[in-house]
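Participant: Residue numbers 61 to 595, in my numbering, belong to the letters of the sequence shown in order.
One or more of the hints may lead you astray.
Stated by the list, open to error - Straight-line C-alpha distance at most 20 Å; calculated EDC-like pairs for lysine to aspartate or glutamate:
1) Lys399 with Glu433
2) Lys427 with Glu471
3) Lys238 with Glu224
4) Lys62 with Glu155
5) Lys409 with Asp382
6) Lys459 with Glu431
7) Lys524 with Glu496
8) Lys357 with Glu391
9) Lys204 with Asp194
10) Lys158 with Asp174
Said to hold, decoys possible - Derived Cβ-Cβ restraints for the label pairs, each shown as a range:
11) Ser299 with Ser198: 22 to 32 Å
12) Lys278 with Gly317: 20 to 30 Å
13) Met241 with Arg275: 15 to 25 Å
14) Ser452 with Glu213: 32 to 42 Å
15) Val306 with Asp580: 52 to 62 Å
16) Gly317 with Ala587: 50 to 60 Å
17) Glu186 with Gly590: 38 to 48 Å
18) Glu186 with Asn297: 29 to 39 Å
19) Glu155 with His221: 17 to 27 Å
Hints listed in this document are in silico derivations from the structure and should not be mistaken for laboratory results. Glycine is no exception: its CB is placed at the ideal position from the N, C-alpha and C atoms.
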Amino acid sequence: MKKAIERAIRNVAAHGDTDIFPFPIETRVFHDSPDIVVKYLLKQDKSFDGFITSQPPANYGALAPVGYTGFRWATQIDPLWNIYFLSLVIKIAPEIEKARIPTSASCVFSYRYDNDDSNSGLFLKEYGWRSFIDQAISMAGKYKYVVSCDISEFYPRLNHHRLENALQQLSVNVDVRKKIMSFLSNFSETYSFGLPVGGPGSRLLSELTLNQIDRLLKFKRIPFCRFADDFYIFANNSSEAFKSLVYLSETLQRNQGLQLQKSKTRIMSSAEFLATNPLSMDSDVLPEEQDFAEERKRLFTISLHFDPYSPTAEEDYKKLSDEIGKFPILEIIRSELNKSRVNVALARKLIAVMKFVSDDQLDDAAKTLIEHEELLYPVYYNVLSAVRSIFSRINLQAKNSIINYVSMLIESGSSTMAVDLNVQYAVRLLSEQQSEESMAVLVTLYDSTNSEAIRRDIILIMAKWRNWIWLSDRRAYFRSMRPMERRAYIAASYRLGDEGKHWRDHTKDEFSALELMVRDWVASRIAQPGWDIPI
Numbered sequence: 061m062k063k064a065i066e067r068a069i070r071n072v073a074a075h076g077d078t079d080i081f082p083f084p085i086e087t088r089v090f091h092d093s094p095d096i097v098v099k100y101l102l103k104q105d106k107s108f109d110g111f112i113t114s115q116p117p118a119n120y121g122a123l124a125p126v127g128y129t130g131f132r133w134a135t136q137i138d139p140l141w142n143i144y145f146l147s148l149v150i151k152i153a154p155e156i157e158k159a160r161i162p163t164s165a166s167c168v169f170s171y172r173y174d175n176d177d178s179n180s181g182l183f184l185k186e187y188g189w190r191s192f193i194d195q196a197i198s199m200a201g202k203y204k205y206v207v208s209c210d211i212s213e214f215y216p217r218l219n220h221h222r223l224e225n226a227l228q229q230l231s232v233n234v235d236v237r238k239k240i241m242s243f244l245s246n247f248s249e250t251y252s253f254g255l256p257v258g259g260p261g262s263r264l265l266s267e268l269t270l271n272q273i274d275r276l277l278k279f280k281r282i283p284f285c286r287f288a289d290d291f292y293i294f295a296n297n298s299s300e301a302f303k304s305l306v307y308l309s310e311t312l313q314r315n316q317g318l319q320l321q322k323s324k325t326r327i328m329s330s331a332e333f334l335a336t337n338p339l340s341m342d343s344d345v346l347p348e349e350q351d352f353a354e355e356r357k358r359l360f361t362i363s364l365h366f367d368p369y370s371p372t373a374e375e376d377y378k379k380l381s382d383e384i385g386k387f388p389i390l391e392i393i394r395s396e397l398n399k400s401r402v403n404v405a406l407a408r409k410l411i412a413v414m415k416f417v418s419d420d421q422l423d424d425a426a427k428t429l430i431e432h433e434e435l436l437y438p439v440y441y442n443v444l445s446a447v448r449s450i451f452s453r454i455n456l457q458a459k460n461s462i463i464n465y466v467s468m469l470i471e472s473g474s475s476t477m478a479v480d481l482n483v484q485y486a487v488r489l490l491s492e493q494q495s496e497e498s499m500a501v502l503v504t505l506y507d508s509t510n511s512e513a514i515r516r517d518i519i520l521i522m523a524k525w526r527n528w529i530w531l532s533d534r535r536a537y538f539r540s541m542r543p544m545e546r547r548a549y550i551a552a553s554y555r556l557g558d559e560g561k562h563w564r565d566h567t568k569d570e571f572s573a574l575e576l577m578v579r580d581w582v583a584s585r586i587a588q589p590g591w592d593i594p595i
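Input sequences plus hints: build the corresponding full structure.
Facilitator: Quick look at the structure:
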């Protein structure tokens, strides 16, 4: 179990706990103090029943945009419990991978487990969404028809009984299996369905559950490929395509209680699929955009994987930057924003290349993206995150413009900021430039929001900005704070000098195990030259 916990810590420290929420401060604690976390979780593992009863997970949930009018509910699991849950899944991950259709079959491309314990990542890099689409394109060249479909509300509706049945077929420790199911029962508040969205532990468990469907399709000799809840099925005529679609629908409902999304299910000719697949931009190119049609296509062929810890990191970064420099990024962004709705896949790619864009284009690119919040609504939290990552490279005038615009969105009650996830990323962007105006915006937001994640971040920003007056005033409200806020305030209290020390000494008996870890972590680093409380 120790190795599994250690790998879970490395994974979370390097990649975050989800691919949705901003990194929490606890991620830094786990990175810097792994031995303390390992020791604590090994102790709790031995008394699991008492652990989950006396210290149940304090999870945080929020809506995440899906398209322009859709949402999904995402959950950020209690930090310590997230490490523990992930370590339980990592413990059985090799057996999960062994049970799945082999990678050599080239039909299941999602979250193939990497058995190399030295890697911080959990999944093989050569298998993913891009290789899934490439395989679908290759298969479409061999068949006349393609069925495109995906599962409706996959993670929220995944049945625990079906998952447990699949776990029972593995050669794994019964105790580990029971702990996983007990955790999920607690997560779903005793309902018998639902997995947390956004984390690698859930992804591996979902793959195990869908393995039954994959195998049944194989038994029926139905050619297909799958990535997570997305399927492509291939056939030589429309009748065969329809029959395969019926079989998949019946099999999902009968075995997993799941359904396909009606609005996203299509039977099309291979020619139509090849013209409209996610790597083809033809269907979205307006007549006035023909000059960029090829550039838009080629942009999708570039892999943006960059390892900053590689021995050749500097050379790799320059090579990637030079490659991105060949594209008229700013012009492509502007042409995309001339449409009534953006192509979400292209928008994500344009946002992802921001860090490799040359400085002479960066100011305009960042401002343009920030100031089109309504059009970029489905990916706006990605925009906010990307702009923050390159904020230090932007000139002062552009910085002021961006900060003022984001402040206006928050203060005006913009519909874009009706979703807490967008506000979280907006607040973190504001943290990059201290001003009286930003401080006033954040204080007002703190008093009006019900989100503990947003309140946590505001507390940490006030600590970063050394606003001891506001922090001192908050001290009287500590006992009414929720878990995320409490941990942030304990870290922030080191900005109060002797007042903070006296308060911590007086209150320490009320601190939870994770709160003590945060306290000790900040205490060991606050005196280091140049160190600051992170946000």
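Participant: State for each hint whether it applies.
Facilitator: The hints, checked one at a time:
This hinted pair checks out: lysine 399 and glutamate 433 have alpha carbons roughly 14 Å apart, not beyond 20 Å. With a C-alpha separation of about 19 Å, the suggested pairing of lysine 427 with glutamate 471 holds against the 20 Å cut-off. Among the hinted pairs, lysine 238 with glutamate 224 is consistent with the structure: their alpha-carbon atoms are about 9 Å apart, no more than 20 Å. Between lysine 62 and glutamate 155 the alpha-carbon distance is near 18 Å, which keeps this suggested pair within the 20 Å criterion.
Restraint check for lysine 409 and aspartate 382: the C-alpha separation of about 17 Å stays at or below 20 Å, so the hint holds. Between lysine 459 and glutamate 431, the direct Cα distance comes to roughly 13 Å. Compliance with the 20 Å bound is thereby established for this hinted pair. Proximity of lysine 524 to glutamate 496 is assessed by CA-CA distance (about 14 Å); at most 20 Å being required, the pair is judged to hold. A threshold of 20 Å between alpha carbons decides the hint, and for lysine 357 with glutamate 391 the separation of about 14 Å falls inside it, so the pair holds.
For the proposed pair lysine 204 and aspartate 194, the alpha carbon gap of about 17 Å is at most 20 Å, so the pair holds. Simply put, lysine 158 and aspartate 174 have alpha-carbon atoms about 11 Å apart, close enough for the 20 Å limit, and the pair holds. Separation of serine 299 from serine 198 is about 23 Å and conforms to the stated range, judged on CB atoms against 22 to 32 Å. The hint said 20 to 30 Å for the Cβ distance between lysine 278 and glycine 317, and at roughly 21 Å that hint holds.
For the hinted restraint 15 to 25 Å between methionine 241 and arginine 275, the CB-CB distance of approximately 22 Å keeps it satisfied. A C-beta distance of roughly 40 Å is found between serine 452 and glutamate 213, which places it inside the suggested range of 32 to 42 Å. Taking 52 to 62 Å as the suggested C-beta distance range, the pair valine 306 and aspartate 580 conforms, at roughly 59 Å. At roughly 56 Å, the beta-carbon separation of glycine 317 and alanine 587 lies within the given 50 to 60 Å, and the hint holds.
For glutamate 186 and glycine 590, the Cβ-Cβ distance of about 39 Å falls inside the hinted range of 38 to 48 Å, so the restraint holds. Glutamate 186 and asparagine 297 have their C-beta atoms about 33 Å apart, which keeps the hinted 29 to 39 Å range intact. Between glutamate 155 and histidine 221 the beta carbon distance is about 20 Å. The supplied range of 17 to 27 Å therefore holds.
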